[in-house]
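Given the coordinates of chain A, work out where chain B should sit on it, guided by the hints.
Protein chains: 2
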Amino acid sequence: MSILAVGSVAYDTVKTPFGEVEEVLGGSATYFSVAASYFSDVAVVAVVGEDFAERDLQVFRDRGVDVDGLERAKGKTFRWSGEYDFALNDCRTLDTQLNVFGDFKPRLLDKHRDAHFLFLGNISPDLQRSVLRQVRHPKLVVCDTMNFWIEKEFNSLFETLKLVDILIINDGETRQLANEPNLYRAGRKILSWGPKALVIKRGEYGAIMMNTKSIFGAPAFPLEDVFDPTGAGDSFAGGFVGFLAGSQDLSEVGIRKAIVFGSVMASFDVEKFSLDRLKELTFPEVQQRYKEFKQLTHFEDIE
Amino acid sequence: MSILAVGSVAYDTVKTPFGEVEEVLGGSATYFSVAASYFSDVAVVAVVGEDFAERDLQVFRDRGVDVDGLERAKGKTFRWSGEYDFALNDCRTLDTQLNVFGDFKPRLLDKHRDAHFLFLGNISPDLQRSVLRQVRHPKLVVCDTMNFWIEKEFNSLFETLKLVDILIINDGETRQLANEPNLYRAGRKILSWGPKALVIKRGEYGAIMMNTKSIFGAPAFPLEDVFDPTGAGDSFAGGFVGFLAGSQDLSEVGIRKAIVFGSVMASFDVEKFSLDRLKELTFPEVQQRYKEFKQLTHFEDIE
Numbered sequence: 000m001s002i003l004a005v006g007s008v009a010y011d012t013v014k015t016p017f018g019e020v021e022e023v024l025g026g027s028a029t030y031f032s033v034a035a036s037y038f039s040d041v042a043v044v045a046v047v048g049e050d051f052a053e054r055d056l057q058v059f060r061d062r063g064v065d066v067d068g069l070e071r072a073k074g075k076t077f078r079w080s081g082e083y084d085f086a087l088n089d090c091r092t093l094d095t096q097l098n099v100f101g102d103f104k105p106r107l108l109d110k111h112r113d114a115h116f117l118f119l120g121n122i123s124p125d126l127q128r129s130v131l132r133q134v135r136h137p138k139l140v141v142c143d144t145m146n147f148w149i150e151k152e153f154n155s156l157f158e159t160l161k162l163v164d165i166l167i168i169n170d171g172e173t174r175q176l177a178n179e180p181n182l183y184r185a186g187r188k189i190l191s192w193g194p195k196a197l198v199i200k201r202g203e204y205g206a207i208m209m210n211t212k213s214i215f216g217a218p219a220f221p222l223e224d225v226f227d228p229t230g231a232g233d234s235f236a237g238g239f240v241g242f243l244a245g246s247q248d249l250s251e252v253g254i255r256k257a258i259v260f261g262s263v264m265a266s267f268d269v270e271k272f273s274l275d276r277l278k279e280l281t282f283p284e285v286q287q288r289y290k291e292f293k294q295l296t297h298f299e300d301i302e
Numbered sequence: 000m001s002i003l004a005v006g007s008v009a010y011d012t013v014k015t016p017f018g019e020v021e022e023v024l025g026g027s028a029t030y031f032s033v034a035a036s037y038f039s040d041v042a043v044v045a046v047v048g049e050d051f052a053e054r055d056l057q058v059f060r061d062r063g064v065d066v067d068g069l070e071r072a073k074g075k076t077f078r079w080s081g082e083y084d085f086a087l088n089d090c091r092t093l094d095t096q097l098n099v100f101g102d103f104k105p106r107l108l109d110k111h112r113d114a115h116f117l118f119l120g121n122i123s124p125d126l127q128r129s130v131l132r133q134v135r136h137p138k139l140v141v142c143d144t145m146n147f148w149i150e151k152e153f154n155s156l157f158e159t160l161k162l163v164d165i166l167i168i169n170d171g172e173t174r175q176l177a178n179e180p181n182l183y184r185a186g187r188k189i190l191s192w193g194p195k196a197l198v199i200k201r202g203e204y205g206a207i208m209m210n211t212k213s214i215f216g217a218p219a220f221p222l223e224d225v226f227d228p229t230g231a232g233d234s235f236a237g238g239f240v241g242f243l244a245g246s247q248d249l250s251e252v253g254i255r256k257a258i259v260f261g262s263v264m265a266s267f268d269v270e271k272f273s274l275d276r277l278k279e280l281t282f283p284e285v286q287q288r289y290k291e292f293k294q295l296t297h298f299e300d301i302e
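So the sequences go chain by chain: A and B. Numbering of the first sequence is given in numbering that gives the first Met the number 0, commencing with residue 0 and proceeding in unit increments. Numbering of the second sequence is given in numbering that gives the first Met the number 0, commencing with residue 0 and proceeding in unit increments.
What the hints contain is simulated information worked out from the structure, not anything from laboratory work. Nothing here was measured: the structure is a model prediction, and the numbers come from that model. Every clue listed holds true.
Pairs count within a copy or across copies, as identical chains cannot be separated in the list.
The list that follows gives simulated cross-link-like pairs (lysine to aspartate or glutamate, DMTMM-like), each with its CA atoms no further than 25 Å apart:
(1) K195 with E223
(2) K151 with E179
(3) K188 with E270
(4) K14 with D275
(5) K188 with D89
(6) K138 with D164
(7) K290 with E251
(8) K188 with E291
(9) K212 with D300
(10) K110 with E70
(11) K293 with E251
Chain A with its partners taken away, still in its complex shape:
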């Protein structure tokens, strides 16, 4: 088992200008693991309630995701409800019910403690470190976080960041975390705290990778039909970590390719509601879109 991913599995109710779905499969660990499954073995560590449906478990199994670490607890599965504006740029959270996720204390199975690639999804930084301590010899630790933890648990997050190889974060959170309006200064400050690289997600504007030596910028894939942005960031992370684990290439060349594969998976995710597009892909489709990214961004050198 190559990647271990900790995060949420949820039922989402989502409204976009193009439609509405109720209580569909979602959650950061779900999008991450299904996206990563196209590149590598992946296991999820998460919690669901007694109401979690067999058909939703099957989504993981169909993609070969190891669900032995998916704990089933008394109570209801995590619920999230949100509504997107007309241009799909802004999402308003209508309701969050943590339910069983509120008491989630990840305890890893022995086999999962040998994971080489660890993805610490968007849970409290204390819990992220508790998971990290349980993994014996991680090769690469990738971490996500959000504004909630930056505001409420900055000191704990700071401790987690010391132990992380790559932080995946959006641009607003980058500025907020570093308390610095210039994105690149903010990134450089965060890099001085521990992470070897920073991957900054910018939604429809693409992604940036910063390390102490270089910066890489990739646009988002141009889509005329964006249906539902839910899960795009987690699908990006899944493609990114999935490619790194599958290729075992942690060089700058590998990391840049991984960012493009992350962008590819995010672009598929948003084409349909829930996991509907992400779960039905073929690997040739994924490779084809990678090649389209190459065409999208290519320009000739000058002599």
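For chain B alone, coordinates are given in the frame of chain A:
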């Protein structure tokens, strides 16, 4: 004479978190022509008042810009005043005094009517067409516009767009002009009205080029010190049209290179107030930054 640029020459008062300048040289034709001058011959058609200083005229002359079409009218030069927010993303216009620019009716000198590359800066679409009618055999017509004309003069702008080869516009204006929230659908709609290509400026997020066959996306150059964004869009246009005129390469390859040179010139512009950085560049500096763009965006193909 290769490029003819019509637009504004102004005195700007600008406040950013990093400082404040009063009544410094600005205006769309100014930024455009100084940026373009690194690549090609360029002439400006604009109007200034009796108060326009000799030292400001010298900025054009030092860059070899033909100012024979710079009309001097009775009254004061166009004034603009604006203030940028802490993150430099948002600009609030504090004051606009059109002065002599309010009665500007461009009448081209005979020698300027042979221009091959025409840049129609951000003036009324009626005036843009009147300039266009005066140019005998333009090879390439590039046009800028803004929300004001989209709202007030849509029908006239629509007529201008029928005659234009390339429209340069920002992303918000693209959506507004097409009345369509999805950027790529909006772009496709505008392409159906006449322009062969659309160049969409996205500020700190870079630029996109769309034609009926392909899309090209380039990030903005990562800068830790953005001092003053004024003129970035016009400097972009200057680098873009300048490279096309200098290279005479209107192929897709040439247009993609031109967008990167546009991004290069915009990135220099924002490093200092007014034209302070733009006017002092060397061509090797411009080429060096182009190469840095190549490193910024490069990723390997998959087999």
